[in-house]
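Protein chains: 2
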Amino acid sequence: MPVKLNSPEAASLLPVKGVQLGFAEAHVRKPNRKDVLVMTLVEGSKVAGVFTLNQFCAAPVILCKDFLAQKSGIRALLVNTGNANAGTGEEGLNRAKQTCVALAGLLNLQANQILPFSTGVILEPLPVDKVIAGLPAAIANLKEDNWLNAAEAIMTTDIVAKGTSRQIQLGGKTVTITGISKGSGMIHPNMATMLGYIATDAAVSQSALESIIQYAVNKSFNCITVDGDTSTNDSLILMATNLAGNTEINEDDVKSASADFIALRDAMTDVAIELAQAIVRDGEGATKFMTVKIEGGRDEAECRKVAYAIAHSPLIKTAFFASDPNLGRILAAIGYAGVDKLDVNALKLYLGDVLVAENGGRAAAYLEEQGSAVMKEPEILVRVDLARGDASCTVWTCDFSYDYVKINADYRS
Amino acid sequence: MPVKLNSPEAASLLPVKGVQLGFAEAHVRKPNRKDVLVMTLVEGSKVAGVFTLNQFCAAPVILCKDFLAQKSGIRALLVNTGNANAGTGEEGLNRAKQTCVALAGLLNLQANQILPFSTGVILEPLPVDKVIAGLPAAIANLKEDNWLNAAEAIMTTDIVAKGTSRQIQLGGKTVTITGISKGSGMIHPNMATMLGYIATDAAVSQSALESIIQYAVNKSFNCITVDGDTSTNDSLILMATNLAGNTEINEDDVKSASADFIALRDAMTDVAIELAQAIVRDGEGATKFMTVKIEGGRDEAECRKVAYAIAHSPLIKTAFFASDPNLGRILAAIGYAGVDKLDVNALKLYLGDVLVAENGGRAAAYLEEQGSAVMKEPEILVRVDLARGDASCTVWTCDFSYDYVKINADYRS
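Protein chains in written order, with our numbering: chain A, 11 to 423; chain B, 11 to 423.
Since the hints were derived computationally from the structure, they do not count as laboratory data. It is possible that some hints are incorrect.
[As the list claims (entries may be wrong)] Straight line, CA to CA, 27 Å or less: simulated BS3-like cross-link-like pairs of lysine-lysine:
1. A:K358 with B:K107
2. B:K14 with A:K351
3. B:K107 with A:K351
4. B:K107 with A:K81
5. A:K358 with B:K75
6. A:K416 with B:K14
[Claimed, not checked] Selected chain B positions facing chain A (in silico; Cβ < 7 Å):
7. L103
8. I142
9. G345
10. V415
[What the hints assert, rightly or not] Just the calculated beta-carbon pair ranges, DEER-fashion:
11. A:E258 with B:A356: 44 to 52 Å
12. B:R398 with A:Q80: 47 to 55 Å
13. A:K351 with B:G83: 31 to 39 Å
14. B:R398 with A:P135: 50 to 58 Å
15. B:E258 with A:L377: 53 to 61 Å
Computed from a predicted model, the values in this text were never measured in an experiment. For glycine and all other residues, C-beta sits at the position ideal for the given N, C-alpha and C.
Given the sequences, and given the hints that come with them, work out the whole structure.
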């Protein structure tokens with residue numbers, strides 16, 4: 011079960027002026043599931059995206075990058091679950107385009123004004139007819155007050171829907187930000203991770219929005235891992251509809267780090283962090299939510315090496331599942347993380363607030379009961395002070411349980 | 011259960027002239043287990059070792075490196091299971107030294123003529139009194155015809171003992187090679203992996219033996235992974251007792267690649283490969299043995315990146331456990347392995363002899379039944395042709411099962 015995570019209340023996901031959402035049950039892979047989502051954006055909206063670095067990136071990812079580069083004025087997003095349209099070659103691209111053409115026809119747009127997204131099984135042909143057959147129902151369902159249905163429509167092995175909202179004031183105007191995400195396996199940051207959609211009605215220029223997305227993704231989706239596998243389909247999209255009435259936030263605001271820019275950037279980043287953490291809390295088979303914080307590094311890169319060595323270790327993740335303070339496994343991971351000339355006698359390891367290891371071994375005052383008490387919590391902080399600099403980083407992950415194996419051994423059946 | 015691996019017959023492990031082995035049940039961690047092993051070497055034996063690159067390397071690893079560097083004439087090896095003496099700081103070093111001093115006293119040697127090894131739980135103090143109390147029984151048990159007991163005495167979570175022998179002719183003299191190994195979790199190559207001991211009675215110089223160990227480890231223990239965790243204690247030791255009567259193989263043989271050198275090197279490498287593969291076959295919870303062969307790379311380094319991306323992916327390893335030909339997960343791993351400018355349309359993916367993917371997607375002639383048939387086998391070949399060069403590499407790994415989680419969640423209890 012997800013770790014301290016429930017589906018949001020429908021009313022808690024605030025409408026964003028200029029964004030409408032509609033779903034369909036199109037039977038892409040399984041019947042009686044919301045599996046097609048259409049999002050429309052009012053004319054003049056700005057859209058920015060970051061995508062997987064996987065070189066086997068999916069056909070829709072290739073199209074998204076192409077259409078965004080064309081600056082064609084994105085007006086709609088189309089998401090299907092049940093099939094990733096990845097590892098599908100030239101024919102996969104054709105099928106993704108067909109869905110864009112079909113939706114463009116129904117919405118009176120050009121095909122390159124539609125961003126397509128797919129998630130699900132890799133290496134199988136997209137059942138394009140089913141997706142297209144579902145579009146009229148999704149369009150009939152379009153409304154602003156529909157974010158929870160949208161969050162449900164993009165779920166695959168997710169147990170709960172993921173979404174959150176914020177409101178801030180910019181120059182006396184109320185600005186709303188609402189985001190949804192999906193994902194619980196094949197999760198390792200290498201750019202944006204999984205599907206995430208965050209919309210705001212703020213007025214913000216394209217370049218400012220792109221500045222915000224880079225900042226937000228590095229603080230959120232690029233700091234999570236479930237299993238170290240980088241998906242073929244990861245995409246994060248930021249959308250701004252320009253309807254809140256605030257003075258447009260532009261490149262000058264970015265350069266001067268104006269109060270409005272910082273406020274919007276931080277609120278959108280906050281949404282991104284909550285959505286990213288929700289993916290980990292709903293990680294496949296997760297029973298524990300772990301925050302791995304590395305401090306005292308020479309640079310952020312070496313902190314990330316240590317954080318991911320810990321966050322990826324199956325030995326550590328199974329020990330956390332067992333609530334076993336088998337902390338030697340954490341020392342071993344620090345030792346093989348690849349930090350140049352690490353002084354193992356200088357570093358300190360903490361579990362929650364408990365000092366566990368120093369001087370190259372177990373801390374003199376450490377008692378196993380202290381470690382056990384921390385390990386029983388559903389949320390656990392692992393903190394390492396490398397004691398060689400001022401850099402730090404934080405990564406979130408979950409434990410590794412029987413259910414992880416079960417879910418992934420059964421996923422296609 | 012181990013994949014196509016049984017404990018060797020006692021008689022199949024051939025004595026090596028000049029090597030005696032004796033065990034004790036010293037109750038280091040648990041009662042009624044062979045947990046202390048003493049190996050003695052005849053005077054004049056040559057010894058070479060390679061050790062973990064983990065910076066949190068264990069106290070005995072530090073001592074081994076030190077004593078080998080002193081060229082003190084190694085005459086005995088001392089191994090305990092149940093405790094790794096890693097993450098134990100200065101006191102760990104003291105305790106490891108105490109065991110060497112004690113054994114040296116009993117054997118009338120100097121402490122720096124003893125190589126110590128420990129394997130088991132990290133971060134707990136070595137119960138040095140128990141190890142030392144076990145030494146007289148181990149010494150009383152010393153004999154040449156004792157390799158199976160020795161293989162059993164170094165097991166931890168191993169299900170079966172691991173050992174093998176070869177005999178070759180060098181200049182009309184019969185040369186024997188016998189090796190044993192242990193390990194089934196925290197296994198990822200970054201130098202020698204796990205504990206491995208390979209002895210021969212061949213006459214071979216120190217420099218030639220060191221040349222052989224580097225060659226052998228790169229073809230064997232550095233090509234396996236179970237869980238991607240590099241242990242704190244990994245050690246591989248080659249020993250040569252000089253009693254076979256062959257003309258000594260020396261540095262000139264290495265330089266000229268003489269027939270005798272190649273014969274001995276390849277036979278010892280063959281033993282190392284069998285011992286390394288045995289560790290994977292007995293990988294924690296393993297039900298499948300996977301050979302991952304990458305061909306057509308620009309260099310070996312990029313082939314290894316791809317091989318390990320596949321061999322480490324929990325998504326792929328759980329799919330193999332389920333005998334599910336979910337091959338898209340393999341394409342995804344190839345895509346995120348970090349190969350520069352990979353042409354995903356040029357590469358080919360094979361499962362056994364079956365061409366699964368080409369032109370960026372599923373091969374036209376591929377049928378799911380073909381993949382399913384291969385996946386049901388206990389030994390599976392995954393082959394990728396990167397189609398951009400002549401380099402290749404092979405890595406061995408196992409699948410990821412419920413039992414992996416169970417073993418590692420329970421290991422300390």
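Here's how the hints hold up against the structure:
1. A:K358 with B:K107: With Cα atoms ~26 Å apart, K358 of chain A and K107 of chain B stay inside 27 Å; holds.
2. B:K14 with A:K351: 41 Å, violated
3. B:K107 with A:K351: 25 Å, holds
4. B:K107 with A:K81: Violated: K107 of chain B and K81 of chain A sit about 70 Å apart, past 27 Å.
5. A:K358 with B:K75: Given that 27 Å is the threshold and the Cα spacing comes to 26 Å, the pair holds.
6. A:K416 with B:K14: With a Cα-Cα distance of about 24 Å, the restraint between K416 of chain A and K14 of chain B holds, given a limit of 27 Å.
7. L103: 9 Å, violated
8. I142: Cβ of I142 of chain B sits 21 Å from chain A, so the hint is violated.
9. G345: Result: holds, 3 Å to nearest chain A Cβ.
10. V415: 5 Å, holds
11. A:E258 with B:A356: 44 to 52 Å: 46 Å, holds
12. B:R398 with A:Q80: 47 to 55 Å: Distance hint for R398 of chain B, Q80 of chain A is violated at roughly 31 Å.
13. A:K351 with B:G83: 31 to 39 Å: 32 Å, holds
14. B:R398 with A:P135: 50 to 58 Å: 27 Å, violated
15. B:E258 with A:L377: 53 to 61 Å: Check passed, 57 Å falls within 53 to 61 Å.
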